[in-house]
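Asker: Here is how the chains run, residue by residue.
There are 2 protein chains.
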Amino acid sequence: MTGSRYAIGVDFGTESGRAVLVDCEDGRELATAVYAYRNGVIDEHLPGPDDDVPLEPDWALQDPEDYVRTFQEAVPQLLAETGVDPVAVVGVGIDFTACTMLPTLADGTPLCLVDGFRRNPHAWVKLWKHHAAQPEADRVNAVAAERDQPWLQRYGGKISSEWFFPKALQILDEAPEVYEAADRLIEAADWAVWQLTGVEARNSCTAGYKAIWSKRDGFPPADYFAALDPRFENVVDEKMSRRIVSIGERAGGLTGRAAEWTGLLPGTPVAVANVDAHVSAPAVTVTAPGTLVAIMGTSICHILLGDELATVDGMCGVVEDGVVPGLFGYEAGQSAVGDIFAWFAESGVPPEYHELARRSGSSVQEVLEREATKLAPGESGLLALDWWNGNRSVLVDADLRGLIVGMTLATRAPELYRALIEATAFGTRVIVDAFESAGVRVDEIVACGGLPERNRLLMQIFADVTDREFAVAASGQAPALGSAMFGAVAAGAAAGGYDSIVEASRHMAHLADTRFRPDPGRHAVYDELHAEYLRLHDLFGRGGDGVMKTLKAIQHRVGGEAQG
Amino acid sequence: MTGSRYAIGVDFGTESGRAVLVDCEDGRELATAVYAYRNGVIDEHLPGPDDDVPLEPDWALQDPEDYVRTFQEAVPQLLAETGVDPVAVVGVGIDFTACTMLPTLADGTPLCLVDGFRRNPHAWVKLWKHHAAQPEADRVNAVAAERDQPWLQRYGGKISSEWFFPKALQILDEAPEVYEAADRLIEAADWAVWQLTGVEARNSCTAGYKAIWSKRDGFPPADYFAALDPRFENVVDEKMSRRIVSIGERAGGLTGRAAEWTGLLPGTPVAVANVDAHVSAPAVTVTAPGTLVAIMGTSICHILLGDELATVDGMCGVVEDGVVPGLFGYEAGQSAVGDIFAWFAESGVPPEYHELARRSGSSVQEVLEREATKLAPGESGLLALDWWNGNRSVLVDADLRGLIVGMTLATRAPELYRALIEATAFGTRVIVDAFESAGVRVDEIVACGGLPERNRLLMQIFADVTDREFAVAASGQAPALGSAMFGAVAAGAAAGGYDSIVEASRHMAHLADTRFRPDPGRHAVYDELHAEYLRLHDLFGRGGDGVMKTLKAIQHRVGGEAQG
Chain A
504 MTGSRYAIGV
514 DFGTESGRAV
524 LVDCEDGREL
534 ATAVYAYRNG
544 VIDEHLPGPD
554 DDVPLEPDWA
564 LQDPEDYVRT
574 FQEAVPQLLA
584 ETGVDPVAVV
594 GVGIDFTACT
604 MLPTLADGTP
614 LCLVDGFRRN
624 PHAWVKLWKH
634 HAAQPEADRV
644 NAVAAERDQP
654 WLQRYGGKIS
664 SEWFFPKALQ
674 ILDEAPEVYE
684 AADRLIEAAD
694 WAVWQLTGVE
704 ARNSCTAGYK
714 AIWSKRDGFP
724 PADYFAALDP
734 RFENVVDEKM
744 SRRIVSIGER
754 AGGLTGRAAE
764 WTGLLPGTPV
774 AVANVDAHVS
784 APAVTVTAPG
794 TLVAIMGTSI
804 CHILLGDELA
814 TVDGMCGVVE
824 DGVVPGLFGY
834 EAGQSAVGDI
844 FAWFAESGVP
854 PEYHELARRS
864 GSSVQEVLER
874 EATKLAPGES
884 GLLALDWWNG
894 NRSVLVDADL
904 RGLIVGMTLA
914 TRAPELYRAL
924 IEATAFGTRV
934 IVDAFESAGV
944 RVDEIVACGG
954 LPERNRLLMQ
964 IFADVTDREF
974 AVAASGQAPA
984 LGSAMFGAVA
994 AGAAAGGYDS
1004 IVEASRHMAH
1014 LADTRFRPDP
1024 GRHAVYDELH
1034 AEYLRLHDLF
1044 GRGGDGVMKT
1054 LKAIQHRVGG
1064 EAQG
Chain B
504 MTGSRYAIGV
514 DFGTESGRAV
524 LVDCEDGREL
534 ATAVYAYRNG
544 VIDEHLPGPD
554 DDVPLEPDWA
564 LQDPEDYVRT
574 FQEAVPQLLA
584 ETGVDPVAVV
594 GVGIDFTACT
604 MLPTLADGTP
614 LCLVDGFRRN
624 PHAWVKLWKH
634 HAAQPEADRV
644 NAVAAERDQP
654 WLQRYGGKIS
664 SEWFFPKALQ
674 ILDEAPEVYE
684 AADRLIEAAD
694 WAVWQLTGVE
704 ARNSCTAGYK
714 AIWSKRDGFP
724 PADYFAALDP
734 RFENVVDEKM
744 SRRIVSIGER
754 AGGLTGRAAE
764 WTGLLPGTPV
774 AVANVDAHVS
784 APAVTVTAPG
794 TLVAIMGTSI
804 CHILLGDELA
814 TVDGMCGVVE
824 DGVVPGLFGY
834 EAGQSAVGDI
844 FAWFAESGVP
854 PEYHELARRS
864 GSSVQEVLER
874 EATKLAPGES
884 GLLALDWWNG
894 NRSVLVDADL
904 RGLIVGMTLA
914 TRAPELYRAL
924 IEATAFGTRV
934 IVDAFESAGV
944 RVDEIVACGG
954 LPERNRLLMQ
964 IFADVTDREF
974 AVAASGQAPA
984 LGSAMFGAVA
994 AGAAAGGYDS
1004 IVEASRHMAH
1014 LADTRFRPDP
1024 GRHAVYDELH
1034 AEYLRLHDLF
1044 GRGGDGVMKT
1054 LKAIQHRVGG
1064 EAQG
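One line per chain: the protein sequences are A and B, in this order. Per this note's numbering, the first sequence starts with residue 504, numbered consecutively. Per this note's numbering, the second sequence starts with residue 504, numbered consecutively.
Hint data in this document are derived by calculation from the structure and do not stem from the laboratory. All clues given are correct.
Treat identical chains as interchangeable: a pair holds within one or across any two.
Only pairs whose alpha carbons sit at most 20 Å apart, straight line, appear in this in silico EDC-like list of lysine to aspartate or glutamate:
#: 1; residue 1: K1055; residue 2: D1030
#: 2; residue 1: K661; residue 2: D1041
#: 3; residue 1: K1052; residue 2: D1041
#: 4; residue 1: K1052; residue 2: D900
#: 5; residue 1: K1052; residue 2: E882
Keep in mind that this is a model prediction, so the values were computed, not measured.
So here's chain A without its partners, still in its complex pose (with noise of 0.2 Å):
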């Protein structure tokens, strides 16, 4: 063979479709192109001519074509851009929010598609991020809990609403007539990777962190999902696929019409498909136990692998082969990192600092950041717990509320600025404590996703906190490269790409020269400050004092008699 070979990753985020085409030898970016979905989030209405089908508070759905126009739009553009002759792509792979689920005919056909179902929000695509599934997911939860079932711990504990059997079960109690029409209830991720090569191939990542599937035990048994709804009783063999497929495996080869859609040459290899947050550790090297990786952006999404099983304390999810073939890939998460700052700079911050941004051309944060700076550790007197939107890992916990204490009258904005950032950073530290308490351990960190870039600050407030040098990904798009390495793997060496996506991470993935490294007279201070973080933590996470649930109580009950 000779010449470059390339492979195309696209990554399906939440407002658009993200396409990049990479070169096998070194991973270098030849080209980006992004497709912003034209129905975006769907959330107040169905799309349709008359915006006459409202949807209720919590849902958040998507259109299915949107995602076939991604790969219409986006792929084509990276061919064009680049002049690459389709001959040498040799793979494509894809990743995908999750649980983003539909249901679909017997051929893939998605059921918002078909007539009679058009105008039924339950027909198209649940979101990740719809969370109208919170009874049924309280169900999910009940059940499991008075039936003992063993998978509840490697969820810690706990299924998310934004997950599978919830979102399936929704559907089967508010619309069994698409329920019953459904031949399929399919991952978004998998749907598309149907559509490229006519393979129904139910990636091994989504089925284990969001469809309770593990290698070992397969789904839950049964006589659980009877005892959620007898009609449920069968969801696994009448809706879904017991033929599970590892990441790191060929879905199938391009069809002729996805060859169309997107101009790669039909048989093209395709890879199984991934999710956003899990398809990034290959791309920022992480093919091993040891590194965590931190995809840091509105919230923090953390992946580790571990040779063995362990019980972890509030992780989101273990999965054998979830992450690299072979090895168990843990999930945690933050549920609000960035977004905390992004509400704390558009709420909290006096005119004084928006003026300063203005003049000096930097955003409100670059103004808190660069003052922040001057702070030494402990130096405001504040500490916050930073639980805005509840918190995920470790405490598992969605009704959890923020906190902020050691204001004075001399307390300003900067201050409380860092004081959120060292509250986030602590939060990650507990986490890498419950791995390490865990036997899973966790020598250095390295970060990607938006923030690592833009806040400085916080990437040194995180290393002297964690005690761990933080690198950063050289990619600022780890999910569309990570894809695209799954392309490569697809393809195979023999056809220029790799035999396993350790092999493909080794030449394509890079790290940035930049690290972040603890230093020990901070990292003593954040050691104390870290030890009245975890105490408070304790109080009011783990039930000593209820005080935050009490105030939610009385908030919705106060909300619900003010709306009656």
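Position chain B relative to chain A; hints supplied.
Answerer: Same frame as chain A, but now just chain B:
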């Protein structure tokens, strides 16, 4: 006697002196005159041509000549403005900040006016908020505790650095030559009356609340003072006086010199001095047990009368004849109230509310009040501890700090503003409950000071939280009116005044028509929230969790390191 009779009250504040001329019959205020002190608060360097004597941090002095200038400027202005014949002015009363004290010669000459002492900061007036005597206050408290001094419990177990003996001891510690040269150490209040009358008549109010004097036990014993410093053993007999005159008594008549200053007649009766907060009680109609006076401004001072001596948790002091002769006057306090709202408006409110304020010609706080009024109790899900400046009553702990709990990504500034107001109201309720638990009843509350006029939402929240009706003083200058009332009492009924402050109050004090009545529904929710407040109050304030003190300790250490 024919025609109206008048009394003049002079209120000596922090930045200015305010004189008012009132009709003895009904308390009608005919005129007000304000003299802004030429030298204001002296906290950077001593006044003088070269500004060559700098002051250390925490120092706050005043110039005694500013008090004389207040008599010289403000009182003649009252007469000129109203055309009232000085013969119709039957009495004069004054009130002061406290403890505001100074060293003088035997004839009353302030030491700072004596050659050889002008450039010595310790020769000047130490203003109430001079906070540099903390080491001496610590010694006063430690020795009192060691020697089991019974008077400690009358002061909530702790003497403040703002009070008389710490300030006197600081002079001895740091400027023994000033201490030695001083024939008198005296409250500025009593010094001002001395200047008017030629009589050194020390009042029971400042002596009781600020100098550990009681009608029954007098001052602490000499052996206690000797234990502080052998040279301090006879401070009372060498530098003070054991002749304490009850408020409500006449100190003497105006001297010829003072008559010249003021334009009043020589011999015009002058009342013994008073403290600004305490003199407000009769001015807002309160001369009997059962009604709490809340002087609400940057902080809150609470005054309550009782028939008997009770030990109330965390009060500032209880003094027989301290407010109304024949009754025990109880004082409690919240160290930051309006200050917290001002801090928030300045430091925690984003531009949109400043813009709204600008456009509607309101203040930011008015905009926040308008928005916060739309919220129901409990609707924000927030709760705060109002300790931005420590906690005076009932915890007597300056090291405590503020706390807010319950934030989410949806929390907005008006919600935080309301939570801060609610927190101060919960703080008042704790004090009300402490009084009632000690058997000193609180049936209703009369508010005065700057806040009640400015913020209706705040008043309603205070009523709803405390389940007490709040009346508001008719006069916006209760201290000056109260002083004028004591002036009328110094004159006596035969001269057109009154024979007691109770009588004077009955005729001259008035309440506004507006009353704030507790709403049972809102009170019920606040009852629930108060239970949460109280639990956090005890947890963080009574030693259950020391996070606030630890943060402060780390902050001070780190700050010291940064400076060092």
